[in-house]
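K.L.:
Here's the letter readout for the chains.
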Amino acid sequence: MRNKILFVVTVAGFFFAAMFVPAAPLQASPSAAQGAASSPCDRSCLNGFVDQYIDALVAHDPSRLAVTKFVKYTENGQHIELGDGFWRTATGRGGYKFYVDDPEAGQVGFEGTMQEAGHPVIVALRLKIENQKISEIETIVARGGMAEGGAANLDKLGKPRAGFEDEIPAAERVPRLDLIKTANKYFSGMQKDDGKGDYSFFGDDCNRLENGMQTTNNMTPMGGTTSNGTPRPAPSAKYDPSTNPTSYSAGWSCRDQFRSGLLHFVSLIRDRRYPIVDQEHGIVWAFGFFDHQAGDTRNFETPDGRSVTAGPTTPFTWEIAEIFKVRHGQLHEIEAALTQGSYGMCSGWSSYEQCRSDQPQW
Amino acid sequence: MPVRSAAMVAAMRQTIFAVAAAGVLLLALSARPPSTAAAGADCDRVCLNGIMDQYLAAMVVHDPSKLPLAKNLKFTEDGVRLELGDGLWATASSIGNYKLYFDEPEAGEAGVYTVVQENGAGVFLYVRLKVVDRKITEIETLVARKQTTSILNTDNLTEVRPIFLETIPAADRPSRAEMVAMVGKYFDGIEQANGDIVPFDKDCVRIENGIQTCPGSPTSPLGALSCGAQLSTKIFTYIQSVSPRRFPIVDRERGLVLAAVRFNHPATQQTVDVPGRGKMTMGKYSQWPNSTQIAELFKIKDRKIKEITAVIVAQPYKMPTGWE
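These protein sequence lines map, in sequence, to chains L and V.
The first sequence begins at 1 in our numbering and counts up one residue at a time.
The second sequence begins at 1001 in our numbering and counts up one residue at a time.
So that you can see chain L by itself, here it is in the shape it has in the complex:
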């Protein structure tokens, strides 16, 4: 009998990186909000579009939506017909809903849990609204074991962490480009992490959830094996170079994970887009790809001078939607939905050159 495979999400260990790549020159943001211009859609309007979208999705009926003539739909980076893919398999809403509104840009992001044929999935959704119609729909659907466990965690949370929900006092709000620049330091710091960068952009309270799993400050053993097939070590509470760690720990803080230089195997973070910024809440929603080339980037030197070989053994890419809480120029909360894509794949929303580049797009 013929077995065919599924798109697999694999694993690996961790992915990050940090050779400090100098930030690209930042141009003035062209009106972040070209889409909003003609017919404003405020927060409740934007959230309403998300709710309508999810309802239509579960009903498998895109005709319920107000869409523009040339609406574009992508699912996990593939441009497919609206009504195909997850539109045929979604079966219900989940209990976690996280809206990120950008009325200025006419865009809204939604991270939430849903059901697909009885299995929990995590969905990251971006809608662009023009003249009260949806013109762009970008989705990442994270499925499989990790997402199922993580969806359960998110459902338990029920709502975004308080750090995300806190409003930034009007006097403390900063321009959207400044928020984006801070978020972009995360990607630049992770890419080919060498542990030698300036990681003061992390707040002391920084915490991160990836597909619903807490991957910083988490002392709960994760079990299983690393990408190399060896048992995953028990989490350690603090980065301590004297213990000669060869892989970073989910028990460490955001900053210490970067300081360890052990995320070096994240060889490239590219096609960095920042389509949604919520200045009132200091939230930046980014899309990007984390490449793991699995070649020479597996061999590196830690800041304390040790030679380490670590990281995935085959080239692969995470397609990721990542949400950052920025306050006083620091990252305090990070939350991501991610799925494994084909190595080097593109998003469908940028040029080929942008897809290949680690320069931020704004």
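You may find that some hints are simply not true.
From the structure, some residues in chain V lie toward chain L, with a derived Cβ separation under 8 Å [claimed, not checked]: (1) Leu1073; (2) Glu1077; (3) Thr1091; (4) Gln1117; (5) Glu1118; (6) Asn1119; (7) Phe1164; (8) Pro1289.
The hints are simulated quantities; they were obtained by calculation from the structure and are not laboratory data.
All residues carry an ideal CB built from backbone N, CA and C; glycine is no exception.
Position chain V against the provided structure of chain L, taking the given hints into account.
P.N.:
Chain V only, in chain L's frame:
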């Protein structure tokens, strides 16, 4: 980033196996434009295989500069356009003994299946080169890795099965179009869940990613069914469509057709009624949409499909192959 347990990984790798509805077929049986055929005419089979060997040798030393490359070279790995030097080029360390070549000198097309070591694990590689004026203009590759496919056994791939090396007598060679049409019937048969329309030899053998998948094992859920009988059980109806389909290499001398196709699995059904066996539940992963990109090689002899071997890579649903 995320940490994943072996159990998660294993779960994610599970195979799909059965679902969906018969699809409509289509298919452009591509007749190759005559102009293309002339392009590589000065590079015969030996020349093409020599360039292929150069390619593999350059890859394991991670040095594309050793190759005769055209300026407008296009390279894809698993459907993604990459710089030559990236992907398997950055990780390959050696090439195994298994090398199955197939060529269409009239079109300047060379193909190979081989096993490559990547960070200590075997992967199954398909390469297609297009050669114009003795320079490589196109490189299409698929790499079946444990992480991107659930069935893979490179240990089985030590020697090329002799039938692939047999030459078809000149008088018995079907035309290119006839060979492509026969293979097209195979994909039609999958879409229609009907093995009767496929010109299978009764003893046809299919090996996918190094694992024989028909005739089936007597201990498998469906028993030792032939390739054709398997199709007619409807167990493959989870493959809603085989589209797009290309036939970039037809080796008439050896009776070989290389089909580059995408199987689309919308995951809209979780069970199928198998005649005589009742309802069968399909694998867990028929529950979400996905596609597979496949390079599938067919041996045609006596106007029948005698043997099939394939490199299969799982991908996001409906991801373009990069060559349409």
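K.L.:
Compare the structure with each hint and give your call.
P.N.:
How the hints compare with the structure:
1. Given the 8 Å rule on beta carbons, the hint for Leu1073 of chain V is violated: about 15 Å separates it from the nearest Cβ of chain L.
2. With a cut of 8 Å, the hint placing Glu1077 of chain V at the interface with chain L holds, because the nearest CB-to-CB distance is about 7 Å.
3. Hint status for Thr1091 of chain V relative to chain L: holds, with the closest Cβ pair at about 5 Å, below 8 Å.
4. At a threshold of 8 Å, the smallest CB-CB gap from Gln1117 of chain V to chain L is about 11 Å, leaving the interface hint violated.
5. About 6 Å separates the beta-carbon of Glu1118 of chain V from the nearest beta-carbon of chain L, less than 8 Å, and the hint is met.
6. Contact between Asn1119 of chain V and chain L, as hinted, is supported at the beta carbon level, the nearest pair being about 4 Å apart and thus within 8 Å.
7. Annotation: interface hint on Phe1164 of chain V violated; nearest CB of chain L at approximately 20 Å, more than 8 Å.
8. The interface hint given for Pro1289 of chain V holds, since its Cβ lies 5 Å from the closest Cβ of chain L, which is under the 8 Å cut-off.
Violated hints, in rising order: 1, 4, 7; the structure is consistent with all others.
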